[in-house]
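Student: In the order they appear, the protein sequences are chains Y and V.
Using the numbering used here, the first residue of the first sequence is number -9, and each one after it goes up by one.
Using the numbering used here, the first residue of the second sequence is number -9, and each one after it goes up by one.
Wrong hints could be hidden among the right ones.
Said to hold, decoys possible - Derived DSS-like pairs (lysine-lysine); straight-line CA-CA distance at most 27 angstroms:
(1) K384(V) x K150(Y)
(2) K391(Y) x K150(V)
(3) K339(Y) x K332(V)
(4) K28(Y) x K72(V)
(5) K154(V) x K384(Y)
(6) K28(Y) x K337(Y)
(7) K313(Y) x K262(V)
(8) K337(Y) x K332(V)
(9) K339(Y) x K337(V)
(10) K262(V) x K384(Y)
(11) K378(V) x K319(V)
(12) K337(V) x K337(Y)
(13) K337(Y) x K313(V)
If you are wondering where the hints come from, they were derived from the structure by calculation, not from laboratory data.
There are 2 protein chains.
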Amino acid sequence: MREIYAEVITIGDEILYGQITDTNTQWLGAELSLLGIKTIRKSSVGDRYGEIETILQEASQRAQLVILTGGLGPTNDDITKKVLSDFLGKPLVLNNDALTDVSYFFASRGRELSDVNKQQAYIPLDARVLRNQYGTAPGMWYEHQQTVFISLPGVPYEMKGIMKDHGLPALKKHFKTPFIQHQIIRTAGVGESVLAEQITDWEAALPAFISLAYLPSYGGVKLRLTGINEDQTLLQTSIKQQTEQLLPLLGDKYFYATEDINLEVHIGNLLKAAGKTLSLAESCSGGYAQHLITSVPGSSVYFKGGIVSYSNDIKEQELGVSKSLLEQKGAVNLEVAEAMAKGILHKYKTSYSIAITGIAGPEGGSAEKPVGFVCMAFASDSGELFSKTFQFGKERDTNIKVSAAVAMNLLRLGIEGKLS
Amino acid sequence: MREIYAEVITIGDEILYGQITDTNTQWLGAELSLLGIKTIRKSSVGDRYGEIETILQEASQRAQLVILTGGLGPTNDDITKKVLSDFLGKPLVLNNDALTDVSYFFASRGRELSDVNKQQAYIPLDARVLRNQYGTAPGMWYEHQQTVFISLPGVPYEMKGIMKDHGLPALKKHFKTPFIQHQIIRTAGVGESVLAEQITDWEAALPAFISLAYLPSYGGVKLRLTGINEDQTLLQTSIKQQTEQLLPLLGDKYFYATEDINLEVHIGNLLKAAGKTLSLAESCSGGYAQHLITSVPGSSVYFKGGIVSYSNDIKEQELGVSKSLLEQKGAVNLEVAEAMAKGILHKYKTSYSIAITGIAGPEGGSAEKPVGFVCMAFASDSGELFSKTFQFGKERDTNIKVSAAVAMNLLRLGIEGKLS
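Bound-form chain Y, shown alone (with noise of 0.2 angstroms):
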């Protein structure tokens, strides 16, 4: 297979200045990594002539499709149309689609199309239009000798929404790429490192043309298969036998999803299907884990609510923790966060709870207790009571979002049925 390169350039002061973080050019990376296209260079440079013009020039001598972002907007800032006006030697053009699709974007918005919103209908003359549903900058796509040129709006979501309508499917067909087909493996509850050692046989033994990717986060690794090949069925077939091997080593504890969806998501989907409902008590994590569950629109369908217990009045009044455990053992340990599930489960009147407590730093440790160290409980109406402790780091920030991922896990087996 022919090798194609491709080159991501981003125009604009207020990246090279840090003003703004720069999500384009990762999102560009990734999407191309998909089709096989290997981006070689990323470059971002400001809004001058002299500097787009070199950038076109030297992207142009390496790679045979070359992207650019930003420095469309209507000001006078903006002068990436411009260059590439000049650098191709084709005038600017008024295009009816891109007219239409700009007239209709301030129509939709009771707003005047002004003559200088009219300007960003011109592209070069030849170019390919890539049309913009989501804003008034259009892309477009021009073949200059070998070298495909795109050029995009930097809004993130302008320029995502017309690379997937448009960019991505014509960049596939034009370079005549290979098909590509993923599969994703999402586990929750287990490291990068004690997976890798799970499955570091069947991972030696892929085939050349499929790779293995470990995307981590806090909810858990989510691991990516990703096919390359010109014979399709070969491709299909091979990606499903890896992972119908995959997926027992693996165990079912840490394997809860083949689609690419996260954990609550998955747990609203378990609790819709079974008609059961859930309520939640947290402590260190602040209300963050009920953030996460709310995060899934229609959960309104299976979350009733919850309580953020931060005071332990709160705790004892509301959630029936009692006073002497409270005195004599604190806030953090097991059998408050057993009482705290309970609590919330009967008062809420849900199938099932996850309780949190813990301390989540950068005070309140102790040698006994330290700072990270969290307790949680699940309990079910139908009975079943399950606690664990755990140790989190030292960063506040991160032991609340950790706490509130685990505790999805938790949630999640316990739903499933594998606490144990």
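Using the hints provided, position chain V relative to the given structure of chain Y.
Tutor: Below, chain V alone, put in the same frame as chain Y:
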């Protein structure tokens, strides 16, 4: 003043292919900018000799400062040092300070120093080591034909640590950059454009050596005055004067702090100073407002707790919202928000409370109350009750975060006695 140009180069395939997020270049661009050094290009290249060599040659033609990050690990992939050594014509030699640091790093973790790790203490002859307290790869400073080359490890906290400890002070000294002073002014409850209009005359009259940046986020717009001058006294006096002129223009509803603290921290300071307490009742924000409050270290002093009342049952049973009100007018209106705020205030016996109820989306909207429609209320134990409706956007995650951020400002105004 002579302008100093910088280029920042990141090395590593994982950045090109979008496998990791590059946070280094944004941080470096911002820090250099604060020193008065202008970043003119940022580039990412792969872990290949030729690519690194080419970009080094190019960058050294254009800039007086070239910063490289990444490619300093102990593995064979990491070849930055080799390329740099050849490019500078200086063989790699063992540096004793670097050896001390890497030895200490391993010893403090009870691990043995391998030969591979000892390699990390080699730097080009005549280069100055920028010592690394945070990991095993030393930073490096080399002056070559009018250009300063700095090479740093790619791990963000190591890179930032080395630059703060050694790199930035050395740059300040080497380039004799002028004095720089910043003044942060935090605002909330006002958009960038309204703010800009309100202070347009003041902004236009700023002396040439003081610039203004608008840094918007969900929580409000942060203003940053940056002054650059060779006369430190003039600089300090001018920044002080400009700030004094600015504050009255902002008005005391929008302005809340001249230190760089977010609303949650500011609220915590107010509550601690006054010995007051807080509770929250959330519906559509799903725990995120409580997460913001509890993200502040020490928040357990003033935050007693709160309820996420996702179902109407919980609003009724736990917060005392009347059943007939919920049945007749639904869960999203000012009366429900007020009842929730009063309910949690009395139940949790706090000085203040905030309640949030709304339609986060994507489902649940109507013509009268579309997605993004949110009602909030503030209550105090001295009998104050204030409520307000808001119309946010269509996107669930944004609605959750914006609701929580706006609630923080409502709470701030309530505590400061500025609601009306």
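Student: Report the numbers of all earlier hints that the structure fails to satisfy, in ascending order.
Tutor: Violated hint: only 6; rest satisfied.
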